[in-house]
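Counting in the UniProt record's numbering, the sequence shown runs from 1 upward without gaps.
Bear in mind the hints are in silico, worked out from the structure with no lab data behind them.
Hints are not guaranteed to be accurate.
[What the hints assert, rightly or not] Taking lysine-lysine and the BS3-like style, the derived pairs with C-alpha atoms no more than 25 Å apart in a straight line are: (1) Lys338 - Lys325; (2) Lys506 - Lys520; (3) Lys325 - Lys229; (4) Lys106 - Lys174; (5) Lys478 - Lys505; (6) Lys8 - Lys229; (7) Lys389 - Lys341; (8) Lys341 - Lys325.
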Amino acid sequence: MIKDFVSKKPALFIFNILLSVVSMGSSAIGSVIFAYSFNALNQRNLAKFVQMNFLFFAFSILSDVTTYLFCVYSKKMIQNYNHDLRYHYIQSLIKKTNFSEIDVNKHINALTNDLLLLSEKYLWGFLKMVNAVFKIGFSIFALFTFHWSLVLASMFFAALMLTAPEFFNKRLTKVTEDISLSNQKLISTLNDWLGGLYDLSWSQVTNKLWSIISPKATELEDSYIEEAKINSFVGEWSNIISNISTVSLTILASILYFNGLVPFGIVVNIGSFIFSIFTGLVTISNNIATHISGKPISKKYQEILYTVDNRRIEKNILLPNMSVKLCANNLSYRYKDKIIKYPDFNIKQGDKVALVGPSGVGKTTLINILSGELSDYSGEFTLNGQEIKDISLNSLHHLIGIVPQHSHLFRTTIAENVLLFDETLEDKLPDALNEVNLSAVVGNLQHGIDTVVGPNDEKLSGGELQRISLARALIRNKEFLIIDEGTSALDESNARDIVRRLLSKKSITLLMITHTSDRKLLSEFDQIIQLS
């Protein structure tokens, strides 16, 4: 994954490497210049001494600025990569064939927590190790011209530097809360819209999914970048303390020199080099462990992104433009250790068919076979003369409309829940709501069709929410409508009224799973398929 991470943004990676080289190199050069400036002092050349100290200060500022930029742009590179991973993950997800089997919580975790672990344990750790290598390398190179001294004093100031972050606790707490809130919003959005993949698929609008998720993902990514800025700022405060320690050690060394206790010159500045080497080694040591611990997440993500779903090889067979004709002959399906056998049947254009039978006999399984989600059936099952397993999913979606047993309502307006991005259907919305007896109910709401609803909404009853799902299917005028107990939450009167309206539509072919005991209503169907 590191190779992929680098190759996605090679220019940004090279820029970060250059920032690291400039930062660590200018820091080492500045320290060398500062140490040698004392030779000028020893020679009583004050002008040269001041000049070299100004030069040291310039290199220090350059180092501080480039270190800050390295942290910010490294995080930006990581978050850009995260955004790209989320995009490809979503695209991979909507190509799955069996949306009814998708584990939403698993995918939410992969898109949030796993990416966080991947960022902190794997990618950020890698970039910090790269930076530490340059830090150690430049410091060791400079030390070839020096000898060690004043180590204890350097360790004291190193300990002082560790307390600096305490002064920024409030800001760090605030940005952590912002990240938590952004993450919560993203999870809420993912849970809402990924939970409705089945509905989006059959409304042929899965291509709109990323446009809904992207803004929330961007908000979270921006929060992480802001956190990086603050952490980088904290780091630069530590650098200021480091510069103060440099000056303090210089003054101390000068006093010791004038008292004849230590050699004069560059020994004054050796402690900063030792500190650089020490912190660099600690950084590498810590991040090797975190980098290794992040590899399982990296491997897991690559498997998810690059594993092909072999359950259904997409075919190019399109349905011919003809009347609906569905035929089943010796159809069966093996589910675990159980074989579900179906009676032979034929359904022609305009037929209204009731599929009845007790729970567990394969009614929903038959719907999943017909929808193309289950392709490993036995026997013949043809639609318009073509085996269903060979028909392209897009072609099936174009012809068939499905109202599943548990439709998903998105956290948006009633109108958008029915239209699902297809604004060309807006003129048909009043009729669709009227067909499912929702016009009066929606009209009594304060905001009408612009009322925001969602899963477990309290503004509408379970039956009313189910009728929104029915309207979603009816408004698209699909030739073949399949309802999987889509009226189960409705009261008897509304259920009977809506079913009779569907039965009166001569143009559509209807296959409806029902548990109704209303024999009079069942007698109005053209055909009853009994499963047992």
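Review point. Tell me, which hint numbers fail for this structure?
Key: 1, 3, 4
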